[in-house]
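Novice: Sequence:
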Amino acid sequence: MDLGLRGHRVIVTAGASGIGRAISEGFRDEGAVVTVCDIDAEALATVKGMTTAQVDVSDRDAVSRFMANAISDMGGLDCLVNNAGIAGPTGAVEDIPPDGWDDTLTVCLTSQFNTTRCAVEALKASANGSIINLSSLAGRVGFALRSPYAAAKWGVIGFTKSLALELGPHGIRANAILPGLVAGDRQRRVLEAKAQRLGQTYEATEAEAFSHVSIKDYVTPQQIADQCLFLASTRGRTISGQAISVCGDTQKLA
Numbered sequence: 001m002d003l004g005l006r007g008h009r010v011i012v013t014a015g016a017s018g019i020g021r022a023i024s025e026g027f028r029d030e031g032a033v034v035t036v037c038d039i040d041a042e043a044l045a046t047v048k049g050m051t052t053a054q055v056d057v058s059d060r061d062a063v064s065r066f067m068a069n070a071i072s073d074m075g076g077l078d079c080l081v082n083n084a085g086i087a088g089p090t091g092a093v094e095d096i097p098p099d100g101w102d103d104t105l106t107v108c109l110t111s112q113f114n115t116t117r118c119a120v121e122a123l124k125a126s127a128n129g130s131i132i133n134l135s136s137l138a139g140r141v142g143f144a145l146r147s148p149y150a151a152a153k154w155g156v157i158g159f160t161k162s163l164a165l166e167l168g169p170h171g172i173r174a175n176a177i178l179p180g181l182v183a184g185d186r187q188r189r190v191l192e193a194k195a196q197r198l199g200q201t202y203e204a205t206e207a208e209a210f211s212h213v214s215i216k217d218y219v220t221p222q223q224i225a226d227q228c229l230f231l232a233s234t235r236g237r238t239i240s241g242q243a244i245s246v247c248g249d250t251q252k253l254a
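Note that the sequence shown covers residues 1 to 254 in UniProt numbering.
No lab work stands behind these hints, which were simulated from the structure alone. Some hints here could point you the wrong way.
Unchecked claim - The calculated EDC-like cross-link candidates involving lysine to aspartate or glutamate, where the alpha carbons are at most 16 Å apart (straight line), are:
# : residue 1 : residue 2
1 : Lys48     : Asp29
2 : Lys216    : Glu166
3 : Lys124    : Asp185
4 : Lys252    : Glu206
5 : Lys216    : Glu203
6 : Lys252    : Asp217
7 : Lys252    : Glu208
8 : Lys48     : Glu30
9 : Lys216    : Glu206
Quantities reported herein were computed from a predicted structural model and do not represent experimental measurements.
Take the sequences, apply the hints, and build the full model.
Specialist: Right under this line is the structure:
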């Protein structure tokens, strides 16, 4: 399907691997002009057909420089995808290291502020401006033993809704994507950490997680990318302020 994204100017944070890689490649394959940043230099070296930059999204000054350069080089901006995030620590709230809490909120939430504040002026000049923020189902149902991550992802939804209200009059829409259990190394590491914490096998932990899901299969990064492409296209021009779950109907994160 041609979504009319040829020439669309897009920035994707943490776009060199996992969900971000699927998103950035999806835009590229639709003919968009894509700039990707990531903290992982090795992953960036494998990115093809896109402009890349090594950036720590928690470094506000570095983000400001990256955004200014990317927007200048592309001649504007039509879509910002805030994908960067970390899993954060696993443990009871009383055992969570304060630095782990701070780091998780900085990367998962504050980084979206860091990029968005630099993008708004360019998005106002776009005929099809949009912001897509990656949240998580943890931002809707909570997540025991993962309080920093859940808190940050709830914050992403509030930030997104506020952006939709604020920027809608300028023709800019903002939406959040809430993935459930996504296939990949990050999800595997999360389940491994929880299994270790609970003293049970990985298989038992995985089975417990899927016991709360109607469609008992992992979400793929490509499914997340497909949702982003639709939202960024003119087909999604009246969708804004939404927290859209792509989760197989997950009722609880276990």
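Novice: Give a verdict on every hint.
Specialist: Quick rundown of the hints versus the structure:
no., hint, result
1, Lys48 with Asp29, "holds (11 Å)"
2, Lys216 with Glu166, "violated (38 Å)"
3, Lys124 with Asp185, "violated (37 Å)"
4, Lys252 with Glu206, "holds (13 Å)"
5, Lys216 with Glu203, "holds (14 Å)"
6, Lys252 with Asp217, "holds (15 Å)"
7, Lys252 with Glu208, "holds (10 Å)"
8, Lys48 with Glu30, "holds (14 Å)"
9, Lys216 with Glu206, "holds (11 Å)"
Hints 2, 3 from the list above are not met by this structure, while the remaining hints are.
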